[in-house]
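K.L.:
Can you make the complete structure from the sequences, with help from the hints?
Protein chains in written order, with my numbering: chain A, 374 to 715; chain B, 374 to 715; chain C, 374 to 715; chain D, 374 to 715.
Any given hint could turn out to be false.
Any copy, or any two copies together, can satisfy a pair, since identical chains are not distinguished.
[What the hints assert, rightly or not] For lysine to any residue, the following SDA-like pairs were computed, each having C-alpha atoms within a straight-line distance of at most 20 Å: (1) K600 - I433; (2) K636 - R445; (3) K700 - G635; (4) K700 - R457; (5) K700 - Y465; (6) K705 - T685; (7) K698 - P424; (8) K700 - G684; (9) K698 - T685; (10) K636 - V572; (11) K584 - R411; (12) K464 - P492; (13) K705 - E669; (14) K700 - V687; (15) K600 - A708; (16) K584 - R431; (17) K705 - D686; (18) K450 - G382; (19) K636 - K700; (20) K698 - H546; (21) K705 - Y403; (22) K636 - R411; (23) K459 - E674; (24) K700 - R683; (25) K600 - Q568; (26) K700 - R436.
Calculated from the structure, these hints are not laboratory results.
There are 4 protein chains.
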Amino acid sequence: MRVGVLTGGGDCPGLNAVIRAAVRKGVQDYGYSFTGFRDGWRGPLAGDIVPLDIPAVRGILPRGGTILGSSRTNPLKAENGIRRIKENLTKYEVDALIAIGGEDTLGVAARLSDEYGVPCVGVPKTIDNDLSATDYTFGFDTAVNIATEAIDRLHTTAESHMRVLVVEVMGRHAGWIALHSGLAGGANVILIPEQRFDVQQVCGWVESRFKVRYAPIVVVAEGATPKGGEMVLKDGSLDSFGHVRLSGVGEWLAKEIERRTGKEARTTVLGHVQRGGTPSAFDRWLATRFGLHAIEAVRDEAYGVMVSLRGTDVVRVPLADATAKLKTVDPKLYAEAGVFFG
Amino acid sequence: MRVGVLTGGGDCPGLNAVIRAAVRKGVQDYGYSFTGFRDGWRGPLAGDIVPLDIPAVRGILPRGGTILGSSRTNPLKAENGIRRIKENLTKYEVDALIAIGGEDTLGVAARLSDEYGVPCVGVPKTIDNDLSATDYTFGFDTAVNIATEAIDRLHTTAESHMRVLVVEVMGRHAGWIALHSGLAGGANVILIPEQRFDVQQVCGWVESRFKVRYAPIVVVAEGATPKGGEMVLKDGSLDSFGHVRLSGVGEWLAKEIERRTGKEARTTVLGHVQRGGTPSAFDRWLATRFGLHAIEAVRDEAYGVMVSLRGTDVVRVPLADATAKLKTVDPKLYAEAGVFFG
Amino acid sequence: MRVGVLTGGGDCPGLNAVIRAAVRKGVQDYGYSFTGFRDGWRGPLAGDIVPLDIPAVRGILPRGGTILGSSRTNPLKAENGIRRIKENLTKYEVDALIAIGGEDTLGVAARLSDEYGVPCVGVPKTIDNDLSATDYTFGFDTAVNIATEAIDRLHTTAESHMRVLVVEVMGRHAGWIALHSGLAGGANVILIPEQRFDVQQVCGWVESRFKVRYAPIVVVAEGATPKGGEMVLKDGSLDSFGHVRLSGVGEWLAKEIERRTGKEARTTVLGHVQRGGTPSAFDRWLATRFGLHAIEAVRDEAYGVMVSLRGTDVVRVPLADATAKLKTVDPKLYAEAGVFFG
Amino acid sequence: MRVGVLTGGGDCPGLNAVIRAAVRKGVQDYGYSFTGFRDGWRGPLAGDIVPLDIPAVRGILPRGGTILGSSRTNPLKAENGIRRIKENLTKYEVDALIAIGGEDTLGVAARLSDEYGVPCVGVPKTIDNDLSATDYTFGFDTAVNIATEAIDRLHTTAESHMRVLVVEVMGRHAGWIALHSGLAGGANVILIPEQRFDVQQVCGWVESRFKVRYAPIVVVAEGATPKGGEMVLKDGSLDSFGHVRLSGVGEWLAKEIERRTGKEARTTVLGHVQRGGTPSAFDRWLATRFGLHAIEAVRDEAYGVMVSLRGTDVVRVPLADATAKLKTVDPKLYAEAGVFFG
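P.N.:
Now the structure itself:
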């Protein structure tokens with residue numbers, strides 16, 4: 374039995390932990406061999422492989438990124454993409470494929486598995502936590518910890534100068550990182566893509582915070598957009614909700630707050646710091662368990678499934694379920710956080 | 374409506390986050406007043422109170438420990454304990470009580486609620502994660518992160534000297550911290566209280582690690598005990614499994630490994646570092662949600678319940694369920710980790 | 374003896390540690406009383422004071438920011454500024470003043486002391502490390518640690534996608550943070566305000582890094598500027614070197630690299646995260662010693678001086694020396710780092 | 374020109390940064406070749422070598438430990454040790470040797486250089502900071518940061534239970550780690566090997582801290598010893614001051630404090646956590662500069678010297694100076710800290 378492994382889409386802390394766990398268990402418990410494909414779906418498409426055995430995965434557990442590289446290559450859009458993948462799997466004698474990725478990567482795996490009979494097992498990954506059919510994806514906890522630490526640091530400098538600090542965090546279509554880090558960091562305003570914000574209301578919260586002699590921290594997801602049409606946009610494209618995409622909402626919002634409240638405001642854009650570096654303990658544990666269970670699925674010939682966290686259990690769900698619909702923040706959950714606004 | 378709040382048992386990162394969230398929501402959304410009781414059950418027993426309002430809870434979210442103090446006082450063992458508590462609740466006009474604690478603290482709340490009609494809501498807390506009826510308790514994730522960081526640091530020093538490093542982590546009756554931090558840290562041996570260990574087998578794992586030119590990390594829960602009778606004990610008491618309690622299993626094990634394998638071994642005892650300091654983002658989020666939901670339970674007059682995490686939802690469970698049985702590590706889960714031993 | 378204390382200019386981790394040490398030593402060893410002035414020079418100018426005694430400074434050692442608040446108020450520009458300060462010092466019976474701040478704050482202290490006979494002792498503070506007459510200022514080590522951690526995190530994500538990551542760090546006039554964090558983080562390009570950079574040379578370094586199959590990290594101080602006139606400027610103002618000031622050099626540079634090399638580039642702007650939050654151990658130690666020695670200077674009636682770090686000793690230097698000239702990065706030191714470029 | 378490199382004695386964060394910097398500069402600027410010797414002086418003694426070139430040192434900057442391994446092998450005690458080293462240097466065509474280590478390792482380098490004409494350059498290393506002739510050694514700042522973080526965490530748990538927390542930190546003969554981390558962490562008692570402590574005085578400080586309703590943190594260096602003869606010793610050996618060596622002073626002291634004050638006390642023994650893992654930014658910067666300057670010394674044929682930090686400069690000092698005398702804590706510096714005791 375030879376198992377292929379690939380990692381697709383944006384990288385995320387914990388990818389290496391999945392790879393390591395799968396290889397350790399596959400080799401030791403079942404005598405499997407492994408082949409790594411380089412750069413997501415580009416690997417099986419182009420026949421670009423790397424050796425993958427126990428020495429290759431030693432010491433990678435705490436390392437961010439992915440030893441296999443990643444890309445956004447979509448084989449469904451490549452000429453004869455599926456046929457070339459099947460040919461390369463045959464050529465390299467790969468009997469089953471573990472695809473680690475987000476919506477796009479797993480969507481390809483679902484179609485390969487369901488429509489073309491390629492034996493795939495999916496492992497969910499996204500720092501945005503916006504994949505359906507799993508309680509959490511690994512990478513998310515790490516991102517939230519990093520954003521929370523940044524918010525912690527900003528409180529004291531904000532208060533020393535009685536300034537507004539705006540932190541722009543990741544989350545183009547879903548506000549999970551903003552919501553969790555905002556709650557954990559004690560932010561006074563949390564803005565998410567799921568709900569357009571009212572700049573005047575934001576300014577009201579900012580001002581009520583100053584009234585109790587504390588300085589406000591505003592956490593804004595990169596995909597959050599204001600109500601109304603007052604925004605000057607950098608790129609003019611449309612976002613997934615059909616309204617115009619913002620580039621640089623953090624900086625824009627800081628300026629708007631300054632203009633309307635007369636208070637100084639500063640912006641921090643954490644960017645890729647949120648997706649790099651060593652995974653949190655939770656993400657290493659989750660990624661490791663996902664790797665182990667992916668191999669169990671291979672052994673059971675349970676293809677077309679994704680491993681998934683449900684409570685404290687790792688279970689299997691159809692790949693198609695995972696990619697059917699983006700998991701966005703429940704309005705009730707967002708409302709729950711509202712008690713801390715202002 | 375006046376709500377009393379107390380924190381009992383060993384302290385744990387996140388207690389202050391619960392208190393803050395409960396007070397913020399209670400005051401702002403429902404107009405409740407609050408009374409803090411000092412040092413767990415000692416507070417209502419002795420009538421020792423502290424004022425608790427929004428200014429009192431500002432800025433405490435990221436702080437470890439508890440602004441209310443804690444103790445292991447058991448009112449059921451105090452003379453007229455229950456009567457004195459009821460009298461003090463009446464005296465201070467407290468209509469409902471939020472008890473934040475572990476097995477012992479919540480056990481008292483269960484009896485007060487079920488047998489004496491005192492309106493109690495419980496909030497589960499233990500860094501050991503050994504409370505039934507909730508997926509996780511806050512404090513646990515922080516402890517696991519701290520232990521994992523320590524293990525990360527020990528790998529490089531172990532390998533530079535080709536030594537064994539033994540890390541003793543918390544967990545008197547349950548091995549959750551050892552299991553999670555051991556998996557997350559890439560330990561080569563993980564020993565938990567639920568399963569007596571065979572020193573000779575441990576030495577085998579240690580030696581097989583050296584054979585691949587890596588140095589082994591052994592994570593041992595403070596409550597883990599060896600098979601057989603070869604241990605020299607410091608205090609001679611019996612542990613919860615009926616076998617003699619070890620004090621200093623880490624140090625003992627390091628010596629035993631040195632003696633049997635001829636390799637150098639060193640010990641780190643993390644101790645209270647695991648339970649102090651700022652909570653992880655996950656624990657702040659969980660504790661905050663527990664605080665909010667405890668107030669919802671009070672508003673619904675849902676007494677005799679504990680708030681509990683189920684997947685990503687916070688639900689209510691009978692207090693009695695939470696304290697019926699220690700939640701220990703499932704043997705299957707422990708077996709899953711075995712692939713990394715050696 | 375009554376000692377006034379104020380903190381001026383941009384806040385910086387360690388300010389509270391200075392205040393605490395000064396108060397502890399003053400009260401305990403010499404029986405001094407203390408008066409805090411709020412918001413830098415605005416405090417003595419406006420007569421805005423806060424009580425300052427041992428209970429007020431308990432627990433503030435690890436906290437970022439300043440309990441006294443800060444501002445950039447310059448009393449030399451205020452009408453009758455000096456006279457009002459002298460009147461307020463008399464009114465509040467303040468016999469000596471400890472001024473904690475950077476170039477501007479200490480410049481005022483120097484003039485007050487030298488020209489108007491106000492008994493001042495200075496304590497140097499700037500995260501930028503650009504004050505002459507001291508080896509280091511506190512706050513700098515913390516900022517460098519934060520920037521270095523961010524760079525560490527960016528390496529793995531850069532390499533997973535073979536992208537350029539540009540990190541913009543603080544340093545408007547001096548490149549100390551960029552130089553130290555760039556060296557510590559293993560950056561492949563470090564750009565500082567002291568030396569205009571050649572975009573084409575930067576692109577050369579970027580490309581040579583890709584050639585060895587690693588992804589480049591570019592650290593750029595916010596005050597760094599390119600050679601030539603190709604920059605589109607946001608604000609058009611002139612910087613301290615007489616060339617036009619850049620706003621957003623990080624983002625500009627990332628775009629320029631993308632355009633010229635065809636490689637993807639991403640930007641992180643750390644912003645105020647670098648100056649907030651708990652100080653590093655070094656900064657707490659340095660700030661504490663500065664606080665103790667400032668009190669010794671008061672006791673010795675050694676006014677008009679600043680405490681300063683020389684090797685491992687804290688010494689006194691004339692206030693005027695500290696503010697005579699910005700301490701910029703020595704070209705030799707910058708050249709030393711060049712071996713790691715590309 | 375071929376340069377040999379070895380790392381001896383206890384490992385320490387920053388060793389890899391020295392190796393990397395030396396190799397990068399040697400190869401790129403001067404065209405040198407390198408040979409790594411394994412496990413300190415055992416390498417040249419036994420002729421155990423590893424290849425050392427630019428690819429071998431990529432990515433090791435942030436990694437703790439040493440890629441060359443370490444040991445305490447003393448060639449002066451080995452039969453024909455010096456002759457065998459000279460033979461192996463000749464055999465492997467090594468023209469100069471960079472020895473990175475502490476007192477013992479550099480002592481050997483000094484004798485090899487001064488008495489036997491082996492061209493050696495020393496690089497000082499010790500987490501204990503007890504080497505003369507340099508302001509700081511790398512590894513020390515990392516150890517102090519780790520110990521300080523642990524102390525930070527212990528404050529909140531100590532105060533929640535009004536307990537004494539005793540932290541045993543490294544420092545067998547010198548109290549630098551205890552002094553710096555104790556000051557930075559806000560400890561209430563700091564005990565160092567240089568000055569025997571009076572248990573009764575320690576208990577007095579502990580009690581005076583409780584009187585202001587705060588819980589005391591006691592930082593004790595592993596080599597600290599009490600006055601009088603009341604200690605029960607574990608190993609009975611003599612320490613460097615001629616008094617009997619303590620094993621486990623932290624645990625002993627906690628018990629003694631409990632016995633004398635009636636307060637609960639707990640102990641944390643940080644152990645090797647202090648010397649493992651990624652170096653702080655300061656240590657990476659210092660280690661990198663030491664590596665660069667060691668190569669400059671080789672190029673200048675300046676043998677028999679050690680690179681050393683003086684203020685912000687790296688200079689050369691005779692190897693013999695570095696090892697002549699242990700650098701212990703100046704009594705005046707220790708007295709300075711006394712204002713925070715109790």
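K.L.:
For every hint, state whether the structure bears it out.
P.N.:
Evaluated hints:
1. K600 - I433: This pair counts as neither: shortest intra-copy Cα distance 45 Å, inter-copy 33 Å.
2. K636 - R445: between (42 Å within a copy, 15 Å between copies)
3. K700 - G635: neither (38 Å within a copy, 34 Å between copies)
4. K700 - R457: Neither: 32 Å inside a copy, 51 Å across copies.
5. K700 - Y465: Cα proximity of K700 and Y465: none, with 36 Å in one copy and 46 Å across.
6. K705 - T685: Classified as between; 13 Å across copies, 23 Å inside a copy.
7. K698 - P424: neither (35 Å within a copy, 48 Å between copies)
8. K700 - G684: both (17 Å within a copy, 15 Å between copies)
9. K698 - T685: So K698 and T685 pass the 20 Å test across copies only (18 Å; inside, 23 Å).
10. K636 - V572: within (14 Å within a copy, 36 Å between copies)
11. K584 - R411: between (55 Å within a copy, 18 Å between copies)
12. K464 - P492: within (15 Å within a copy, 57 Å between copies)
13. K705 - E669: Classified as between: cross-chain Cα gap 14 Å, same-chain 36 Å, threshold 20 Å.
14. K700 - V687: Both. Shortest intra-copy (18 Å) and inter-copy (18 Å) distances satisfy the 20 Å Cα cut-off.
15. K600 - A708: within (18 Å within a copy, 51 Å between copies)
16. K584 - R431: between (55 Å within a copy, 14 Å between copies)
17. K705 - D686: between (25 Å within a copy, 11 Å between copies)
18. K450 - G382: within (15 Å within a copy, 56 Å between copies)
19. K636 - K700: Classified as neither: same-chain Cα gap 36 Å, cross-chain 32 Å, threshold 20 Å.
20. K698 - H546: Close inside one copy (12 Å), not across copies (42 Å); limit 20 Å.
21. K705 - Y403: For K705 and Y403, the Cα distance is within 20 Å only across copies (18 Å; inside one copy 46 Å).
22. K636 - R411: between (50 Å within a copy, 18 Å between copies)
23. K459 - E674: within (18 Å within a copy, 61 Å between copies)
24. K700 - R683: both (15 Å within a copy, 18 Å between copies)
25. K600 - Q568: within (9 Å within a copy, 44 Å between copies)
26. K700 - R436: So K700 and R436 fail the 20 Å test inside a copy (27 Å) and across (32 Å) alike.
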